[in-house]
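Chemist: Position chain B relative to chain A; hints supplied.
The lines below spell out each chain.
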Amino acid sequence: MSVEQYLKPEVIEQISRLDLRAQFVVQGFLQGLHASPFHGFSVEFSEHRRYATGDDPKDIDWLVYAKTDKFYVKKFEAETNITGYLVMDLSESMGFTYRQKLTKFDYAICLAAALCYLMIHQQDPVGLVTFDVGIRESIRPKSKRSQIATILSVLSRLKPAGRTDIRASLGQLVAMLRHRSLIMIFSDLLTDRERLVEGLRWLRHGGHDVILFHILDEAEVTFPFDDVMQLEDPETGESMEVDGPGYRDSYRQAVEDFRESLRKEAFQSGVDYVPLDTSMQFDKALIEYLHSRRGR
Amino acid sequence: MRRRPKHQVFPALRFVTEQRQTNQRRLRLRHWLLLALRCGALAAFASALARPTVAAAAFGDWIIFGILFLAAVGTAWLAIAAWSAERGLLLVGLLGSVGLALCIACLVMFLRFREHGAVGMLGGEEAPVSAVLLFDTSPRMQYQEADQSRLQVAQEHGRWLLSQLPDDSEIGVLGGDRGPASFALDRTLALQSIDSLQTINHGESLPAAIIRAHDLLKTGRHARHELYLFTDLTSASWRSELDQTLTQFDEQEGILLHVVDVGSTQPRNAQIDDISLSQESLAKNGSLTLRTNVLAEGTGGEWSVELLLEDQDPQRPIIVDGKPVLPERKLRGQQTVSVGIDSPQPVEFSLANLGPGIHHGEIRLRGHDGLDLDNVRYFTIEVTDAWPVLVAASPTAVTSYLTDALAPLRLRETGEARFRCDVVDFADVAEIDLMGYRAAALLDPAPLTQRQWRQLTDFVQRGGGLAIFLGREVKDIREFSTKAAEDLLPGPPKRQWSTASAEGIFMSLRDTSHPALRFFQPIKDSLAWNQFPIYRHWTLGQLTNDSVIVMRYSNDQPAIIERVVGAGRVLLMTTPISDPLNIPTRPAWNVLPTDMDPTFFMLINELFEYLAAGNRNVLNHFVGQPVSLTVPKSNENERFQLFIPSGSWQDTRPEEDQLTVTFTDPLGWYRLRSESARDRQWGFAVNLPANETRLDRVDTKTLDSWLGTGKYHLARDRSEINRGIVEARIGRELYPWLVTLTALLLLVESLVANRFYHEAAQ
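If you're matching them up, the sequences are chains A and B in order.
With the numbering used here applied, the first sequence has no gaps in its numbers, which climb one by one up to 314 at the end.
With the numbering used here applied, the second sequence has no gaps in its numbers, which climb one by one up to 866 at the end.
Isolated chain A, as found in the complex (with noise of 0.2 Å):
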């Protein structure tokens, strides 16, 4: 996929949208996350755009209405200095794709495209990192336009390889830091749990937020099999021959068992924890997720 491919114009146009509602959506989503750990922003008025149904009538700016005889709303942008990172999981497991339309990597990416989007949009340095067993490739932090060039580039040429340490990975990312910083992690965390779980609580004790978007494909989430398997780990090689129909439910289960557990140590840690799979549009779901933390 190439860059463009990720900022297609439907994408674009998503993003977009949610810029241009960034009275709720920048104050609800950013602010939300950082405003704990920084105080002191302000918000500055940007620009101005159309309204659109659904914006808030308060927000319409009435001289404008005066002058041209057409609604425009006051666009603000907050002033922060957030850094952000995209930490994506570059194990072999996250290229997997059962449909063969888009690995969970692909997801992946298009999900830290538009964050990176959002993120340069309203100037917040905004950096990659990507791990399998350690820290394979890492751009430093920046606010310029051209930065989510030069991370979708990079992004588009890595693919997927080999296993995964999670735990040493992010151990590594906490001696790297230097501030607190906005952690947006990507990966399938088929890894093992505690491991993960000991990784993310050095992320908070070094004072970061974290964001954890669990990518999973549709196949992993559903287990779509109708037939005998003869199903193989792409990392650890291992081969299981299963009876589709008499695994779904118990498999679901334990999916689910899996991401309710995540979801509690998420919780008790402080951690945003969001699960999601490669049938869910991932606008959508961020917006969701936004919507969610904005409601909080």
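Keep in mind the hints are simulated off the structure, nothing from the lab.
Fair warning: there could be bad hints in the mix.
To be verified - With a straight-line cut-off of 30 Å between C-alpha atoms, the simulated BS3-like cross-links for lysine-lysine are:
1. 177(A) / 815(B)
2. 177(A) / 162(A)
3. 815(B) / 322(B)
4. 177(A) / 160(A)
5. 322(B) / 119(A)
6. 92(A) / 76(A)
As the list claims (entries may be wrong) - Among the chain A residues that face chain B by a calculated CB cut under 8 Å, a handful are:
7. 206
8. 246
9. 248
10. 253
As the list claims (entries may be wrong) - What follows is a list of derived Cβ distance ranges for each label pair:
11. 244(A) / 147(B): 45 to 51 Å
12. 180(A) / 111(B): 51 to 57 Å
13. 173(B) / 267(A): 35 to 41 Å
14. 140(B) / 267(A): 25 to 31 Å
By construction, the Cβ of each residue, glycine as well, lies at the ideal position given by its N, Cα and C atoms.
Modeler: Relative to chain A, chain B alone:
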């Protein structure tokens, strides 16, 4: 041919793997559960085939143990399953704790079983035992039904049981005779012991006998101890020492107790109640009243009640051909009474015109019933010549108040007076042999000489009774405080108390517990003491320790005081009864003897009867009481023969005029006769207390509360005895319970297997 599975890369294989591991673990657990259920079913079935038994008394405990054990196993299994299914530590911990507690409870119960020997009772019915056959030999066991006494029935059961006991058993046979308890040397001797059993009128109480039997069993050499109690289950048998027996039972749980009920479930018996004599000793030509009740249990009807009295025959009893020949008895009264069930019917007889001497008689029901023993009550009375009383008085004293009260003229003329009074002046007392009198009275005494005090003291110490009525002649109280006077008087006179009030004070009869006043008990509230005012009396100094205040005035000062001196008694009254009432210049101290009112008459008679009869023998006793007779010997070598109601006699010699009969189990008359002078006779009667022959029975509920529910086996016939023995000896079989358990386990196994395989198939 099996289709080759489709290959698919699947990164989330770990969830499948975990699920498979969980499934495999669950499957393994299920297999273990099924295996355990099948093994349990097989074990239960195998145990059932072995026909295990447990002690009948511990059967309930074993069932509880089984339920606890199954609950422990089930809870432990649930705890393992919960742990395996990762159900949460709280649930696993809770189940584990419950399972552990149940296991500990099972262990504790098992250890208790071991401690009490309730484990390992498989078979062994014919193993030798240490057994005690305890027979209730109370007089109630004489009750006859179907021509057999209860004791005979018990003996029959005992003989049969003896033949049923395993070889080499050691057997003890006990009755209520308080003798040393021991095991018989062999079965023949045990059989002889059973055959020789007889009822005992004053035997050991049943609870005490049970304790004795327990003590004997504790010395038994065999592991199994059995106690067989043959009793009629009448409640009179269980009256005493019950609590102690219960304690013993609690401690002796290892002893198998069989209660064999040989009693009658519907006893029919009439009986004569205890006899109440108006007096045991009466003066010649006096009269006597005998009162009793006729009672009936289980049956009513008309009964003829007879009073029989022995003739006075100085030649009898006499031993002829080795057998005592007793005086003839003659019917002296007869009444027919209609008795209802549990409604006593009173009967009263009078006796009069009896010659001096000892008289033996009986009141009996004519005819027979189940228990003849209580159809007769014996009595003994003594008729004496009028009791001689010496009355010593100052010349100014009026002695007739006393002498007329003791021996009214009308009775003196007919010879029925109970007392014979000789009146003398104080000055003449020293010249008189006081030992010829039963009692003496000092009316308003002036100060006595030391010799007179000592003479009176000697008289009292030898059993005489002395009454002193203090009055105006006590002019110098120091004369009554001498050493000789102090030896006799309850207390020295201190000063006179007087009142100018016309009402005065009066005698107060608040307490009638003193023997001299018991006569007044039923009539004390109807006596008008305040009609006889007292204006003056002496108060006393410090009373001696052996003095007792018999009666007080209404001002709470002592009126009559008793002191026991040697074998006799002294009664001191602090106001006179000889003060003339008709001297205008000298007011009387009191008006007690006015017109010989019955109140004064009764008081004087009771006081002097108490004094005169002070050391006489008690003639009517209950069984088992040791009886002491005062028998003055005419010479040192005088020997006596004691005739016992059972028909035997023995030679005896009293020590210091006292003869004590300690063995009074036979009912009837005991006669003592001098060998040298046959007209010198004494005697007494012995009866069984009426409540000892009541046949009301103990119900099972009460017996349970005494012996403990399930701690004994109650049987009435041989089949029940046999069943009880089998149950107690080899215990109760667990076979039906184990078969039920097997079926239950197979059912559960089937249900569990169906569910498991059904799920697997799905």
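Chemist: Each hint: holds or not?
Modeler: Now for the hints, and whether the structure bears them out:
1. A hinted pair counts as satisfied when its Cα atoms are at most 30 Å apart, and residue 177(A) with residue 815(B) does not qualify at roughly 87 Å.
2. For the hint linking residue 177(A) to residue 162(A), the alpha-carbon distance of about 26 Å falls within 30 Å, and the restraint holds.
3. A C-alpha spacing of about 17 Å is found between residue 815(B) and residue 322(B), which places the hinted pair at or below 30 Å, so the restraint holds.
4. Taking the CA atoms of residue 177(A) and residue 160(A), the gap is about 24 Å. The hint holds against a cut of 30 Å.
5. For the proposed pair residue 322(B) and residue 119(A), the alpha carbon gap of about 94 Å is over 30 Å, so the pair is violated.
6. This hinted pair checks out: residue 92(A) and residue 76(A) have alpha carbons roughly 10 Å apart, not beyond 30 Å.
7. At about 7 Å, the closest approach between the beta carbon of residue 206(A) and any beta carbon in chain B falls short of 8 Å, and the interface hint on this residue holds.
8. The closest approach between the C-beta of residue 246(A) and any C-beta of chain B is roughly 4 Å, which is under the 8 Å cut-off, so the hint is satisfied.
9. The closest approach between the C-beta of residue 248(A) and any C-beta of chain B is roughly 4 Å, which is under the 8 Å cut-off, so the hint is satisfied.
10. Using the Cβ-Cβ criterion of 8 Å, the hint placing residue 253(A) at the interface with chain B is satisfied: the shortest such distance is roughly 7 Å.
11. Under the hint 45 to 51 Å, the C-beta atoms of residue 244(A) and residue 147(B), about 46 Å apart, fit the expected range.
12. Take residue 180(A) and residue 111(B): their Cβ atoms lie about 21 Å apart, and the range 51 to 57 Å is violated.
13. At about 38 Å, the beta-carbon gap between residue 173(B) and residue 267(A) stays in the expected band of 35 to 41 Å.
14. Roughly 28 Å separates the CB atoms of residue 140(B) and residue 267(A), a value that falls within the hinted 25 to 31 Å.
The structure shown violates the earlier hints numbered 1, 5 and 12.
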